[in-house]
Amino acid sequence: MSLIQTLTNGTQGLFKPNSLTPMQKLTLRFVVVGLIYYGVVVIEGMLMRLFEVNPSLALGVSQEQFFAIMTAHPLVGIFGSTYAIVFGAFLFLVPFLMKKPLWSIKLGNWTFWLITIGTFVFWFAGFVSHYSPLYTLYWPLPADFSQFSVLGGTFFIVGIALVMVGTALFVINIFKTITFTPAGWEKQPGSALIKSALGLSGLSNLFSKKKKEHLVSLPVAAIARGTVDTAFNAVVILFTGVLILIYMVAELFGVSLKHSAVDALLYKNWFWWGLDLIADGLVLIFVAGTWYLLATLITGKKLFMENWARAALFIEMVVSWTVWSHHLMSDQAQPGILKILSGEMVTAFELITQGLAFFITLATLWSARPLKMSHPLKFLLGGLLGFALAVPAGIMQADLGLNRILHNTQWIVGPHVHVAVLIGLTMTLYSAVYFLFPILTNGAKLYSEKLVSFHFWAHLLGGIGMGAFMGMAGLRGMLRRTIYSNGEFNLYMILAAISGSLLLLAFLAFFYNIVMSVGLRGVIEIFMPSRLKTTDLLPTEK
Amino acid sequence: MIDSNIVLTGQTIAYTFYVLAIMALMGWFAYKVTRNGSGKEIKPVLFYSFVGFLILIGVSLHIVTHETIPWKAMDLNRAEIKADKEFHITMANHKFQLPSNKLTITKNEKVKFVVESKDLTYGFGLFRSDNSMVFQMQVIPAHNNDILWLFDRPAVYSIRSTEYSGPKGINMIVRDAVEVVE
Chain A
1 MSLIQTLTNG TQGLFKPNSL TPMQKLTLRF VVVGLIYYGV VVIEGMLMRL FEVNPSLALG
61 VSQEQFFAIM TAHPLVGIFG STYAIVFGAF LFLVPFLMKK PLWSIKLGNW TFWLITIGTF
121 VFWFAGFVSH YSPLYTLYWP LPADFSQFSV LGGTFFIVGI ALVMVGTALF VINIFKTITF
181 TPAGWEKQPG SALIKSALGL SGLSNLFSKK KKEHLVSLPV AAIARGTVDT AFNAVVILFT
241 GVLILIYMVA ELFGVSLKHS AVDALLYKNW FWWGLDLIAD GLVLIFVAGT WYLLATLITG
301 KKLFMENWAR AALFIEMVVS WTVWSHHLMS DQAQPGILKI LSGEMVTAFE LITQGLAFFI
361 TLATLWSARP LKMSHPLKFL LGGLLGFALA VPAGIMQADL GLNRILHNTQ WIVGPHVHVA
421 VLIGLTMTLY SAVYFLFPIL TNGAKLYSEK LVSFHFWAHL LGGIGMGAFM GMAGLRGMLR
481 RTIYSNGEFN LYMILAAISG SLLLLAFLAF FYNIVMSVGL RGVIEIFMPS RLKTTDLLPT
541 EK
Chain B
1 MIDSNIVLTG QTIAYTFYVL AIMALMGWFA YKVTRNGSGK EIKPVLFYSF VGFLILIGVS
61 LHIVTHETIP WKAMDLNRAE IKADKEFHIT MANHKFQLPS NKLTITKNEK VKFVVESKDL
121 TYGFGLFRSD NSMVFQMQVI PAHNNDILWL FDRPAVYSIR STEYSGPKGI NMIVRDAVEV
181 VE
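Residue numbers (the working numbering), protein chains in the order written: chain A, 1 to 542; chain B, 1 to 182.
Among these hints, one or two may not hold up.
As the list claims (entries may be wrong) - With a straight-line Cα cutoff of 30 Å, these simulated DSBU-like cross-link-like pairs (lysine-lysine) come out: (1) B:Lys118 <-> A:Lys302; (2) B:Lys32 <-> A:Lys450; (3) B:Lys112 <-> A:Lys301; (4) B:Lys40 <-> A:Lys209; (5) B:Lys32 <-> A:Lys445; (6) B:Lys118 <-> A:Lys211; (7) B:Lys72 <-> B:Lys85; (8) B:Lys43 <-> A:Lys378; (9) B:Lys40 <-> A:Lys378; (10) A:Lys301 <-> B:Lys32; (11) A:Lys258 <-> B:Lys85.
As the list claims (entries may be wrong) - Just a few of them, taken from the derived set where beta-carbon distance is under 10 Å, the chain B residues facing chain A: (12) His66; (13) Lys85; (14) Asn144; (15) Glu163; (16) Gly169; (17) Val180.
Since the hints were made in silico from the structure, they are not lab data. These numbers were taken from a predicted model, which means no experiment stands behind them. Note that CB positions come from ideal geometry on N, CA and C, so glycine has one too.
Could you build the full structure based on these sequences and the hints that come with them?
See the structure below:
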């Protein structure tokens with residue numbers, strides 16, 4: 001096939017969009033949109049990297065735009081990209097693993113559109129109006145209308161709210177799918193399924209001689225438990241959004257509400273409690289569950305120490321509810337007891353829970369030697385390495401002594417945040433994408449194996465390199481949310497930009513490979529209604 | 001008092017060593033997992049030992065820093081410690097209002113900085129001339145924001161807001177505002 005034919009119809013014309021079920025199309029739509037938003041995030045990240053070296057290199061980005069990008073960048077990354085890919089994958093995997101249909105495909109489509117449109121709305125509002133209170137929204141900055149446009153801010157918050165509504169629908173769909181009884185089935189034990197999904201039966205098994213059988217598989221339990229945090233997080237962000245909207249709407253009607261009506265420290269505790277349910281809750285739980293799933297699928301073996309894995313997921317959920325104070329260690333008005341108990345001690349538990357997940361996954365893989373170094377396996381190992389690097393970096397900064405000299409430096413966003421997200425989380429997602437690709441496309445073939453290898457190495461080296469150079473700058477005092485206009489940290493910023501360009505190249509190689517695999521026609525047809533009228537996940541084999 | 005730069009050097013060495021070790025371990029694992037195994041299962045005792053090791057590391061890190069980083073205990077007990085000198089600083093409209101143009105400290109004085117914000121959430125940090133950080137704290141409006149620090153060597157420091165307070169806040173720096181004299 002010629003290059004143009006492959007670009008149009010995919011590799012060897014193997015991808016047949018007409019054969020896709022509505023569920024396959026729904027999942028693929030989530031993945032395509034998630035990857036497009038990831039591309040936006042990578043380009044934005046690269047612009048910021050160039051701006052940090054020298055503002056004149058950043059294609060005309062102004063100072064106000066720089067901070068607007070800094071505000072949108074993590075939100076598009078988490079909601080537009082990660083939420084889209086993860087929600088799409090889990091809406092497919094939960095029914096797939098439970099061998100039953102999704103409770104509501106319609107609700108799944110609503111989640112898809114709300115996340116897609118909501119992300120575009122807040123990104124576009126930030127792009128046009130330069131609304132830039134950053135994702136932390138420290139009070140009263142989001143309502144500081146001497147710096148930001150009220151209208152731009154209103155649209156920004158409405159966009160976030162749309163994403164949260166889509167998230168709430170995802171939560172309902174997941175729990176209903178676990179508990180509902182499909183037509184023609186024997187009545188399902190709803191409450192027992194919920195107990196198993198939340199890990200309560202796994203926990204009691206640790207202390208009981210009579211081991212109960214698990215009604216849901218471990219990956220489903222992980223998804224359910226991460227979904228609990230997703231629900232709480234949506235409530236907190238929605239509530240905060242409504243609070244900010246009240247100030248905005250009042251301002252639009254010519255009434256300036258007093259900022260002092262909201263206690264800045266209480267607000268910060270509340271917001272970080274919710275925000276941390278993403279960073280230290282659902283991400284860690286979802287990732288651990290995905291590791292377990294991939295390890296068992298790759299090896300075909302039972303998970304090592306499964307009851308411990310289930311118990312660790314339960315503990316992680318409780319940890320994620322009580323860990324938020326490590327973000328307030330430099331707030332002197334925050335009670336010292338909260339800093340020590342929640343900030344230091346509970347946070348240290350994350351080293352244990354994530355360490356357990358790391359060990360259990362490696363031990364499961366080890367038990368199946370020799371394994372072929374497939375694409376899913378190498379990306380899975382990359383993901384494991386990412387968290388092995390990023391979690392200890394986080395534990396270090398969650399220490400009262402070290403936080404005093406690390407807080408808000410490039411150390412936080414480099415070795416901790418970006419290595420966790422880019423290497424730990426994203427490489428785990430890539431592993432799942434490469435694993436699910438033939439299943440979701442009914443046997444389409446990847447265009448180039450060499451491009452997958454390039455994708456792996458460029459992403460791994462770029463992500464670790466960028467995190468490392470940002471970290472080195474942070475250790476030398478470079479702050480994370482400001483501009484250094486005299487080239488104070490240029491050596492590190494140039495090296496970080498070179499590493500960042502590797503990440504961009506890795507993404508371009510991956511995207512090109514996927515488009516050439518399914519063809520442009522295939523990509524477009526994913527968004528057309530399925531011709532198959534079925535709730536089955538996969539087409540029936542003829 | 002140990003300088004914050006020395007603490008950061010120690011952290012750099014420890015973390016670099018760890019990074020090299022974990023990368024080597026993962027490289028070794030990636031190689032070995034593709035080779036024939038002995039057929040032996042991993043024993044649970046190895047798992048429990050690993051859990052014990054993680055608990056030991058998680059707990060001991062904070063005990064070690066409490067005993068070796070002097071400002072940690074001082075910060076937790078600052079309400080009971082009498083400062084030799086106190087500076088009251090106000091932050092408003094993206095500007096620092098200092099009690100005098102230069103804050104002069106005599107070597108070995110314990111100094112308390114009490115910083116008040118009149119509008120937004122800011123940060124307050126001291127930086128050396130090479131832009132490295134001595135310390136920082138957050139400054140929350142309508143709350144008490146104070147930090148106690150022992151200055152045991154002559155130096156000149158700049159004050160800088162360490163928290164983002166909108167695009168107007170990026171120039172919140174007062175160069176050479178603090179001087180520690182013999």
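Verification of the supplied hints:
1. B:Lys118 <-> A:Lys302: Violated, because 59 Å separates the two Cα atoms, which is more than 30 Å.
2. B:Lys32 <-> A:Lys450: holds, 23 Å
3. B:Lys112 <-> A:Lys301: violated, 60 Å
4. B:Lys40 <-> A:Lys209: holds, 27 Å
5. B:Lys32 <-> A:Lys445: Holds: Lys32 (chain B) and Lys445 (chain A) sit about 28 Å apart, inside 30 Å.
6. B:Lys118 <-> A:Lys211: violated, 60 Å
7. B:Lys72 <-> B:Lys85: holds, 19 Å
8. B:Lys43 <-> A:Lys378: Answer holds: Lys43 (chain B) to Lys378 (chain A) is near 25 Å, not above 30 Å.
9. B:Lys40 <-> A:Lys378: Roughly 23 Å between the alpha carbons, so the hint for Lys40 (chain B) and Lys378 (chain A) holds.
10. A:Lys301 <-> B:Lys32: holds, 18 Å
11. A:Lys258 <-> B:Lys85: violated, 35 Å
12. His66: holds, 7 Å
13. Lys85: Interface hint status for Lys85 (chain B): violated (18 Å vs cutoff 10 Å).
14. Asn144: OK, holds: Asn144 (chain B) within 10 Å of chain A, min 6 Å.
15. Glu163: holds, 6 Å
16. Gly169: holds, 8 Å
17. Val180: violated, 18 Å
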